[in-house]
Amino acid sequence: MELLDRISSTLQKGEDEQVAELTKQAIDENIPAQDILDNGLIAGMNVIGEQFRKHEIFLPEVLLAAKAMYAGMDLLKPLFIKEKVPTQGKVVIGTVHGDLHDLGKNLVGIMLKGAGFDVIDLGKDVPAEKFVEAAKTEDAGVIGMSALLTTTMPVMKKVVELLKENGLEDAVKTIIGGAPASEDFADEIGVNAYGFDAGKAVELVKELTGKK
Amino acid sequence: MARIHSRKGYKLKQIIDFKIAEINPDGRDVLLHQGIPKGVEVPERIRVLLAEGVDIFRRTAQPKGVIEEVSLNQFENTFVGEGKNIRDVILERIYPKSDHLALYVLTMGEDVSSRIEKMFNEGDYALGSMLDAVASLAADKASEVFEEFYRDYLDSEEKLNPGEFVLSYSPGYCGWHISGQKKLFDRLKPGLIGVTLNDSYLMTPLKSVSGVLVGGNKEIHIFDNNFEYCKECKHESCLDRMKRIQTI
Ligand code: B12
Ligand code: SF4
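Chains A and B, in that order, are what the protein sequence lines are.
Number 137 in this note's numbering belongs to position 137 of the first sequence; there are no gaps in the numbering.
Number 181 in this note's numbering belongs to position 181 of the second sequence; there are no gaps in the numbering.
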């Protein structure tokens with residue numbers, strides 16, 4: 001559909017106002033919200049993700065495109081609630097307690113949303129209990145944790161322990177990232193995955209949720 | 001940089017207001033921090049973002065620092081910190097050979113960090129991320145300005161011998177445990193410039209740096225970076241620093 005292609009290509013150029021206008025036009029033309037999302041917004045964001053992975057475009061361009069995507073999403077949201085359109089899955093993310101570095105966590109959230117996940121961002125300085133509580137109440141399939149300081153990494157281990165205590169270790173998968181995290185550390189504390197960057201985060205969350 | 005208030009025979013202790021012009025990072029370095037290699041064609045819209053980020057930084061940053069000279073004994077106590085240092089910290093080989101030591105904390109102020117947060121909350125991710133990079137690099141650069149400041153001070157006091165050089169070292173790097181900041185804060189009291197430390201040794205505002213300025217013969221700052229912890233080091237910033245000294 002030509003209009004959805006235009007949404008996708010305008011999104012790729014990061015033109016948020018124009019994406020909003022085109023999305024509105026698509027809604028007015030009674031194109032189903034799911035179609036606009038999948039074949040307009042997410043399709044455009046997928047191209048951006050792929051180009052970024054291949055180093056054809058740079059981070060600021062991805063972020064401009066993400067803003068454009070949300071401009072369209074904001075208009076679709078009310079329709080989704082009515083139509084109960086399913087997402088790729090729910091992911092709870094946050095920067096662990098004691099740490100306020102949230103740039104990396106924010107980028108991960110933006111990329112996950114761009115890939116169609118429903119992201120519950122708990123912000124920064126998040127205690128282990130709050131991650132688990134949110135995963136329970138939101139019925140999330142994945143918890144993503146970020147830490148930039150070695151001193152705040154034990155919180156990640158505590159989340160794994162709390163999930164076990166609550167019998168949730170199979171229902172809720174865990175993924176970590178940030179400078180001091182590593183695959184070895186993830187194995188050591190029993191986390192399901194470690195993501196080096198935001199692109200890898202999307203790939204791994206898709207694997208963890210069986211969307212790949 | 002502010003004028004040096006020195007009184008002969010007294011140890012230096014001073015609060016400093018940095019000028020934006022002296023800590024403004026190079027645009028190409030900011031882009032590199034955003035993952036854009038030097039030498040590639042930069043799209044116009046990214047150049048616009050960069051200019052905007054630099055401009056907002058200029059208007060919101062309140063860069064300040066505090067510096068205090070310490071004796072070798074006093075520094076030894078700070079360095080040991082909470083007793084969590086890795087064995088064979090490179091700084092442990094350097095500072096005992098130094099002639100001058102000064103603790104410092106510097107910050108870009110709270111407003112830049114709140115501005116970045118606001119941008120992310122409002123969906124201005126690209127600009128928020130650009131401003132974040134500008135502020136991070138400016139904080140790094142301010143450490144270098146502090147090195148120059150201390151060198152000038154020592155020079156003005158006629159305490160700097162030919163061939164002597166000042167370089168900064170920070171807790172959290174090269175085996176010096178991040179908890180080293182606790183005693184550094186106890187001594188320096190950077191609350192005076194609005195910087196606090198939490199239980200995980202994180203400074204607020206986020207764009208802040210702490211460390212020690214080590215003055216001495218430039219040879220003391222040169223070493224082989226083959227320590228156990230170097231294996232996992234992703235930045236190897238020591239190489240640039242050593243190169244910088246050797247060209248002087
Ligand atoms: C820029 C920087 C600074 C800047 C700004 C700080 C900031 N972040 O705002 C300045 C110069 C101010 C600074 C200061 C300090 N820093 Co600093 N800093 C860095 C540096 C070089 C980059 C951080 C950054 O902005 N990265 C960019 C973002 C986008 O990347 P990111 O957060 O890592 O996120 C990406 C991935 O990690 C991943 N990811 C992140 N979260 C998640 C979550 C999930 C679920 C997944 C899957 C993936 C994922 O995806 C993200 C996007 O691609 C790191 C080193 C590094 N390689 O990370 C050190 C680093 C964080 N700093 C360090 C230290 C020690 C300090 C200081 C304590 C030094 C000092 N004594 O002054 C201070 C502390 C500041 C404070 N407020 O307390 C250490 C911490 C080590 C430790 N022992 O804990 C590091 C790791 C450097 C090192 N030694 O190797 N720092
Ligand atoms: S390689 Fe890295 S850890 Fe080793 S001395 Fe250099 S900067 Fe420090």
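Note that these hints are calculated values from the structure, not bench results.
These numbers come from a predicted model, not from an experiment.
Be aware that one or more of the hints could be misleading.
[As the list claims (entries may be wrong)] Using 20 Å as the maximum straight-line C-alpha spacing, the simulated EDC-like pairs for lysine to aspartate or glutamate come out as follows:
#: 1; chain 1: A; residue 1: K67; chain 2: B; residue 2: D199
#: 2; chain 1: A; residue 1: K13; chain 2: B; residue 2: E44
#: 3; chain 1: A; residue 1: K67; chain 2: B; residue 2: E122
#: 4; chain 1: A; residue 1: K157; chain 2: B; residue 2: E144
#: 5; chain 1: B; residue 1: K13; chain 2: B; residue 2: E219
#: 6; chain 1: A; residue 1: K67; chain 2: B; residue 2: E52
#: 7; chain 1: A; residue 1: K54; chain 2: B; residue 2: E122
#: 8; chain 1: B; residue 1: K234; chain 2: A; residue 2: D74
#: 9; chain 1: B; residue 1: K118; chain 2: A; residue 2: E183
Verification of the hints:
For the suggested pair K67/A and D199/B, the alpha carbons sit about 35 Å apart, so the restraint of at most 20 Å is broken. With a C-alpha separation of about 12 Å, the suggested pairing of K13/A with E44/B holds against the 20 Å cut-off. A hinted pair counts as satisfied when its Cα atoms are at most 20 Å apart, and K67/A with E122/B qualifies at roughly 9 Å. Annotation: proposed proximity of K157/A to E144/B is violated, straight-line Cα distance about 37 Å (limit 20 Å).
Straight-line distance between C-alpha atoms of K13/B and E219/B comes to about 27 Å, which puts the hinted pair past the 20 Å bound. Taking the CA atoms of K67/A and E52/B, the gap is about 17 Å. The hint holds against a cut of 20 Å. The hinted pair formed by K54/A and E122/B fails the criterion: a straight-line CA distance of about 29 Å is larger than 20 Å. Restraint check for K234/B and D74/A: the C-alpha separation of about 39 Å exceeds 20 Å, so the hint is violated.
A threshold of 20 Å between alpha carbons decides the hint, and for K118/B with E183/A the separation of about 33 Å lies outside it, so the pair is violated.
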